[in-house]
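**Student:** So the chains spell out like this:
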Amino acid sequence: MQVRSEVTYRYDGSFEGLLCCVFESYDKKEIPADILLDAAPAGLLFRDRTIVTESDKAQRVLASIPQKMGRDALFFIRQAFLTCLPQKEVQLLRFMRLGYQHGPAVLQMLTDETVSRLMKAVRHLERESHLLKGFIRFSITDNVLTAQIEAKNIVLPLLAEHFCQRFPEERFLIHDRSHGMALIYQPYRPMIIAVDEWEMPQADETELAYRKLWRLFYDSIEIKARHNPRCRMTQMPKRYWKYMTEFAAENSAPQREIGERKKMNAQRLLPPSQA
Amino acid sequence: MDVFDKLKILTDAAKYDVACTSSGVDKRAGAGGIGSAAASGICHSFSADGRCISLLKVLLSNACIYDCQYCVNRSSNETQRTAFTPRELAELTMNFYRRNYIEGLFLSSGVLKNPDYTCEQMIETLRILREEYRFHGYIHAKAIPGADHRLTERLGMLADRMSINIELPSQRSLQLLAPDKSKQSILAPMGYIKQRIQEATRDIVKYRHAPKFVPAGQSTQMIIGATPDTDFQILNLTESLYQKYKLKRVFFSAYLPVAENALLPSLDTQPPLWREHRLYQADWLLRFYGFAANELLDGEHQSFNPFVDPKCNWALNHREFFPVDVNRAEYEALLRVPGIGVMSAKRIIAARRMATLQEADLKKLGVVLKRAQHFILCGGRSASLIKCSQQTVLRSLLSQKTLALYRAQGGLAAGAEQLSLFELPAAQAITLLEG
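Order-wise, the sequence lines are chains A and B. Heads up, the first sequence is in our numbering, so the first residue is 7 and it goes up one at a time. Heads up, the second sequence is in our numbering, so the first residue is 82 and it goes up one at a time.
Hints listed in this document are in silico derivations from the structure and should not be mistaken for laboratory results. Don't take every hint at face value.
For the chain B half of the interface with chain A, some residues (derived, Cβ under 10 Å), not all of them [claimed, not checked]: (1) H217; (2) F372; (3) A432.
We put the CB at the ideal spot given by N, CA and C, even for glycine.
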């Protein structure tokens, strides 16, 4: 029987790194109190142990997941790794332990605290990426489509497939300011890379005209007798508005005031297949 | 007139059309093309009235030869008339689409000159989009009643969804307010579209690359509250449209007075939004919950209960069906419990394979316990329905605001049997036509 241990793991923030933490947990027959990023400030209560990312250990764990708990579970784990759930690493470790114990049925253990919390986080991720598929606004300069977002979860890997299918012949860039990463596409070559600072290019006359046309459409489509700002807010939370053309001041790009934001290393956060 | 003025006028004229969904078809651009569609549909914005914006919803022209009394574009209305050229509209669509403002185009039109000419103009717009721009995004086209079948056919080959608005739920109402339309002129093309969809589906089984005819199906809409048609009549019509005409969606639109007319409710009439809301709830019950129209309303109860939703109303009037045991009941029975929806019913089925469900677990599965608690058996605990009177249950189902309204109507003094016989709230009462 493994006991909750007095140790905190430190890892490099990569998916492979997390798999190595799982390896370590089984190897030492312990469940760490928490799994933190290398860069996180040191805690007072627990001993720290740095888990070095080793490719062969990660591969062994990775190969065992679909074998023991099925491909759906592996897909779920990859999704959950992209969420903004606090302490997602240690929750994922517990989830995998349940998976090794119960097999594919782990995905049906919806009343288990860990499973239910992770499922909720994944739904939040999926919902956010679904909303952004609609709410992202591109500007066009020199035939390149550019957009910015501030997402809570790491949504770019989920958005990639959608926009690559939609604009197969275009060149586009979506910059996620909150995670310091960008999805860059030129015909048939998508990439997600780390981009900390990046400014939207200056809009030309055509771009400004279409922004204006869109605002005109947006304002005309409302039926005044049914005015219902609360319903709008429920469907389209205000945090998305600042990047949306329809809410921008006349002829200007959408307002962007930005507070504190986390900077992360994009490549390290992504699963190997997408980095 | 420049494109700004045209867009303003033709958006204004189209906004009363309800349908703006982009669902029902999954596809992606081929090489050299642009655009895709997601089966779930994608909303790109929400207007200040809270309604979803997914498509560029405009009229090709608001010059109409018909004189339907309820319509802003009726020929007798003095308003500025204009029309897009097919190329203008196609270019606008593409530019909005590339900026990700929209999921595609919703194209309707007033009847310009005659139905055939109007239909040809729409076809030309769609042809430019599909053939010149190789656009694979979503297109919803309004069929023009009275147009030649061959034109409707061509339009359907270019669109993802087609719709013909029923507008008024009965022949009598049509005669009264839309003398140029008849039940037959609406149902004939609807039947034709249904038949073509079925033929095209059969062809696809035979030949994989058979061209698709309106792959996202057919929809319609009706105006609620302009005429004395009851909820019961409207819901029955809705049900038969799903069954006989295989429609994908039926939309409802609370009547907004746009014309002073002796035949219509007066101009200060508030749109019956709560009635529209109840109809949508009931429509959902028909499509996803296995309810039949005559279970929700009947000859004696022709109107929806304004205080509780149709599912709660049904549950309160069918206490013999409850309690439902969440650990044993079939999916269909779970769906009948207020507070359990399609998602939570599915999760219950999955989760109970692994563990016996307790009441606390249900919350994690997304069940709304406030409503469900009265109607379920869970882990040996009996439902409170057995112990509580119907009035107590009802009181706990209503929000504070609704409860106050209900009390003001003397609702709680009345007997439990009166539940579905409420008077309509005075503030929201609609002025019905004579006779």
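**Student:** Can you give the numbers of the hints that this structure goes against, from lowest to highest?
**Tutor:** When the structure is compared with the hints, only number 2 turns out to be violated.
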